[in-house]
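Enquirer: Take the sequence shown: its position 98, counted from the start at 1, is 753 in the numbering used here, and no numbers get skipped.
Hints listed in this document are in silico derivations from the structure and should not be mistaken for laboratory results. Here the structure is a predicted model, which is why all the values come from computation and not from measurement. Mixed in with the good hints, there may be bad ones.
As the list claims (entries may be wrong) - Cβ pair distances, simulated, as ranges: (1) Gly741 to His684: 12 to 20 angstroms; (2) Thr711 to Thr689: 14 to 22 angstroms; (3) Arg675 to Tyr713: 35 to 43 angstroms; (4) Trp677 to Tyr713: 38 to 46 angstroms.
The C-beta atom is built at its ideal place from N, Cα and C for all residues, glycine as well.
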Amino acid sequence: MEGPGAAARGNVSLHNFSARLWEQLVHFHVMRLTDSLFLWVGATPHLRNLSVAMCTRYVSAAGGPWDPIPVSTALLGDMSDTTSTGLAQRLGCHERAAHAHV
Numbered sequence: 656m657e658g659p660g661a662a663a664r665g666n667v668s669l670h671n672f673s674a675r676l677w678e679q680l681v682h683f684h685v686m687r688l689t690d691s692l693f694l695w696v697g698a699t700p701h702l703r704n705l706s707v708a709m710c711t712r713y714v715s716a717a718g719g720p721w722d723p724i725p726v727s728t729a730l731l732g733d734m735s736d737t738t739s740t741g742l743a744q745r746l747g748c749h750e751r752a753a754h755a756h757v
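Using the sequences and the hints, build the whole thing.
Expert: The structure is reproduced here in structure tokens:
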């Protein structure tokens, strides 16, 4: 694993870990890039769903500088399961310049 400043130099920083949330073991894969963050969360250590969300530069219906809800889509896995797209949207709201991959 790289140190905290690795992404600022243009390197890729990888972090894999697992944690127990209530009774469920949850696996995490985090990849920090220069201008984006790839976060995968799953109950099994296999990538089965992949969604992406990003903020747009389009004006929102309320007239604000951008739409507060990022656009998102499922790239891999069960398209009817909206868990990954919803999580990607929430992470995309965190930082306007960030792209969230879940």
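Enquirer: If a hint holds in the structure, say so; if it does not, say that too.
Expert: We went through each hint and held it up to the structure:
no.	hint	in the structure
1	Gly741 to His684: 12 to 20 angstroms	19 angstroms, holds
2	Thr711 to Thr689: 14 to 22 angstroms	21 angstroms, holds
3	Arg675 to Tyr713: 35 to 43 angstroms	41 angstroms, holds
4	Trp677 to Tyr713: 38 to 46 angstroms	39 angstroms, holds
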